[in-house]
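*Asks:* Spelled out from the first residue to the last, the chains are:
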Amino acid sequence: MAKSALLKSSLAKKYWMALTGLFLCLFLVGHLAGNLQLIFGDASAFNEYALFMTTNPAVKVLSYVTYISILFHAIDGILLTIQNKKARPVGYAKNNAAANSSFSSRNMAVLGTLLLVFIVTHMANFWAKMHFSEMPLQTVEVNIKDQEAPVVVYKTVQGQPIDPRAVEMGQLELKGTQFFQAGTDLKVADGYKDLHKITVAFFQNEKTGLIATIAYVIAMIVLGFHLSHGFGSAFQSLGVNNPRYKGVLNGVSFLIAYVVPALFAIIPLYIHFIK
Amino acid sequence: MNLTLKIWRQNNAKEQGKMVDYKINNISPDMSFLEMLDVLNNELIEKGDDPVAFDHDCREGICGMCSLFINGEAHGPDRGITTCQLHMRKFKDGDTIYIEPFRAKAFPVIKDLVVDRTAFDKIQHAGGFISVNTSGNTQDANAIPIPKHDADRAFDAATCIGCGACVATCKNSSAMLFVSAKVSQFALLPQGKVEAADRVLNMVNEMDALGFGNCTNTGACEVECPKGISLENIARMNREYLKASLK
Numbered sequence: 001m002a003k004s005a006l007l008k009s010s011l012a013k014k015y016w017m018a019l020t021g022l023f024l025c026l027f028l029v030g031h032l033a034g035n036l037q038l039i040f041g042d043a044s045a046f047n048e049y050a051l052f053m054t055t056n057p058a059v060k061v062l063s064y065v066t067y068i069s070i071l072f073h074a075i076d077g078i079l080l081t082i083q084n085k086k087a088r089p090v091g092y093a094k095n096n097a098a099a100n101s102s103f104s105s106r107n108m109a110v111l112g113t114l115l116l117v118f119i120v121t122h123m124a125n126f127w128a129k130m131h132f133s134e135m136p137l138q139t140v141e142v143n144i145k146d147q148e149a150p151v152v153v154y155k156t157v158q159g160q161p162i163d164p165r166a167v168e169m170g171q172l173e174l175k176g177t178q179f180f181q182a183g184t185d186l187k188v189a190d191g192y193k194d195l196h197k198i199t200v201a202f203f204q205n206e207k208t209g210l211i212a213t214i215a216y217v218i219a220m221i222v223l224g225f226h227l228s229h230g231f232g233s234a235f236q237s238l239g240v241n242n243p244r245y246k247g248v249l250n251g252v253s254f255l256i257a258y259v260v261p262a263l264f265a266i267i268p269l270y271i272h273f274i275k
Numbered sequence: 001m002n003l004t005l006k007i008w009r010q011n012n013a014k015e016q017g018k019m020v021d022y023k024i025n026n027i028s029p030d031m032s033f034l035e036m037l038d039v040l041n042n043e044l045i046e047k048g049d050d051p052v053a054f055d056h057d058c059r060e061g062i063c064g065m066c067s068l069f070i071n072g073e074a075h076g077p078d079r080g081i082t083t084c085q086l087h088m089r090k091f092k093d094g095d096t097i098y099i100e101p102f103r104a105k106a107f108p109v110i111k112d113l114v115v116d117r118t119a120f121d122k123i124q125h126a127g128g129f130i131s132v133n134t135s136g137n138t139q140d141a142n143a144i145p146i147p148k149h150d151a152d153r154a155f156d157a158a159t160c161i162g163c164g165a166c167v168a169t170c171k172n173s174s175a176m177l178f179v180s181a182k183v184s185q186f187a188l189l190p191q192g193k194v195e196a197a198d199r200v201l202n203m204v205n206e207m208d209a210l211g212f213g214n215c216t217n218t219g220a221c222e223v224e225c226p227k228g229i230s231l232e233n234i235a236r237m238n239r240e241y242l243k244a245s246l247k
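Sequence lines, in order, name chains E and A.
UniProt numbering puts the first residue of the first sequence at 1, with every later residue one more than the last.
UniProt numbering puts the first residue of the second sequence at 1, with every later residue one more than the last.
Derived by calculation from the structure, the hints in this document are not laboratory data.
Cβ coordinates follow ideal geometry from the N, Cα and C atoms, glycine included.
It is possible that some hints are incorrect.
Stated by the list, open to error - Covered, in the sense of this in silico footprint (three residues per stretch, anywhere, with C-beta under 8 Å from a C-beta of chain E), are these stretches of chain A:
# : stretch
1 : 18-30
2 : 64-75
3 : 134-141
4 : 160-166
5 : 177-189
What the hints assert, rightly or not - Interface residues of chain E toward chain A, partial, derived using beta-carbon atoms under 8 Å:
#  : residue
6  : L11
7  : K13
8  : K14
9  : G91
10 : K94
11 : V110
12 : T113
13 : V117
14 : N241
15 : Y245
Please build the complete structure, drawing on both the sequences and the hints.
*Replies:* Rendered as structure tokens:
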């Protein structure tokens, strides 16, 4: 019985919902720290972060845990919703639910579905491009002695910049993000995918930038509602409910549910309207 | 007071039911809600109609027999009371009042506003007890020291009267507040600790098998509970269950 108890029972669903949800909250904080480079850092800082997130082995493991968490959280949510609907085949003619529970707590499935739609489009817009498609490499301007105009060069992971003319003249060969000695498999350097440029262009696009910005902000409001119930609820599900640390938990819950989504939302607003 | 009542009428478990309107006049604000229904039933009987079936017993807020979902809330709009303790002064002259049975798959309607809550008894049978020697050699109760704090919390949990308001009000028809109160009342005391692991596993299993929904921590049960059973009990049950299933 103990085995099925941790997989199938009503309480097991709560544990898994809580654990995956809390892990996703941790992910959000990490993601936010990186995204804030779009406001407080320069293009290099953001692109270095993006490269780190896509190549570091530890981060890779964590990213797989994140994908699984999202899937598990969503599937568990769907199962719960179906079971819960079945538990009351005939509804009430009048139900004054607002008198005893919060809007968020009663609408987690709807809020979660909206978030899933957001996650899919968000991943198509940024994650898929970063992982699977050809992207422009980041260039920087450098001043060269005796030359008046600065020269645009590729920034590389190894530090030594590469003059695009070397590629144009055929001395170097560019495959994806890697520079090779022409005609050999001798790698000279790695460029940086310019996710910063893609992101800024996405939210500053003349036609779709405003819509994208508004949609992003709405998604963050939905996230705020979802987390305002979800974060605290996860602790309750895991059996953590004690007046002694309720104050601390409420404080952290406020940060996660309101401050984190607000900071996320500020970034596209900043890019679209100020930058 | 003159009122319009919208009451769920259903002949038996198999037939379809529907909401039926009744006008009732000259109701005293000092009447209890059940007395108001008594007045309505007298009128119906005098007219030769079928009186509205509803559950009640002690009418003192102790037995947990009365139910009713009144104007969208279990035991009506007041807090910390059962329907028998709800007074008509909580309503205004001319109000329309919705009166429905507690709704859950595990609480099927027997007739009108009466539902079958034996599902709670089945959960109790699954583990809501302690196995004690009743041969006459019972140990002196004072020989087992129990911290005051634990005794208080166990007593708070034990005040659950099993009325089912938690299930009725929960959007998922979850019975977790009830089950957690029963689990807590024993888990906190030395006499209950012996069987704590089996108890929580068996009671939760039974609860799931009976078709109650899953808890999503909306907290509605705690608000509507006539005895103020706290969500802390559900957290305790979650801990107990986790501990027991890892054993």
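*Asks:* Okay, the stretch 64-75 of chain A and chain E, do three or more residues pass the C-beta test at under 8 Å?
*Replies:* Since three or more residues must qualify, the claim that chain E covers the stretch 64-75 of chain A holds, with 4 doing so at under 8 Å.
*Asks:* Given K14 (chain E) as an interface hint, is the shortest Cβ-Cβ distance to chain A below 8 Å?
*Replies:* Status holds, d = 6 Å.
*Asks:* Would the stated hint for K13 (chain E) survive a check requiring a Cβ distance to chain A of less than 8 Å?
*Replies:* holds, 6 Å
*Asks:* Minimum Cβ distance from G91 (chain E) to chain A below 8 Å?
*Replies:* At about 7 Å, which falls below the 8 Å cut-off, the nearest Cβ of chain A leaves the hint on G91 (chain E) intact, so it holds.
*Asks:* Three residues minimum, CB to CB under 8 Å: does the stretch 18-30 of chain A make the cut for coverage by chain E? Let me know.
*Replies:* violated (count 1)
*Asks:* Can Y245 (chain E) be said to touch chain A, with a Cβ gap under 8 Å?
*Replies:* violated, 12 Å
*Asks:* Between the stretch 160-166 of chain A and chain E, see if three or more residues pass the 8 Å beta-carbon test, and mark the coverage as holds or violated.
*Replies:* violated (count 0)
*Asks:* Does the closest beta carbon of chain A sit nearer than 8 Å to the beta carbon of N241 (chain E)?
*Replies:* With a closest approach of 3 Å, the N241 (chain E) hint holds.
*Asks:* For the restraint on T113 (chain E), tell me whether the closest CB of chain A is nearer than 8 Å.
*Replies:* Result: violated, 15 Å to nearest chain A Cβ.
*Asks:* Would the hint on L11 (chain E) stand, with a C-beta cut-off of 8 Å toward chain A?
*Replies:* holds, 5 Å
*Asks:* Holds or violated: the hint that K94 (chain E) contacts chain A, with Cβ atoms closer than 8 Å.
*Replies:* holds, 4 Å
*Asks:* So, as I understand it, the hint says V110 (chain E) touches chain A; can you test that by seeing if any CB pair is closer than 8 Å?
*Replies:* violated, 12 Å
In summary, the structure is inconsistent with hints 1, 3, 4, 5, 11, 12, 13, 15 from the numbered list given earlier, while agreeing with the others.
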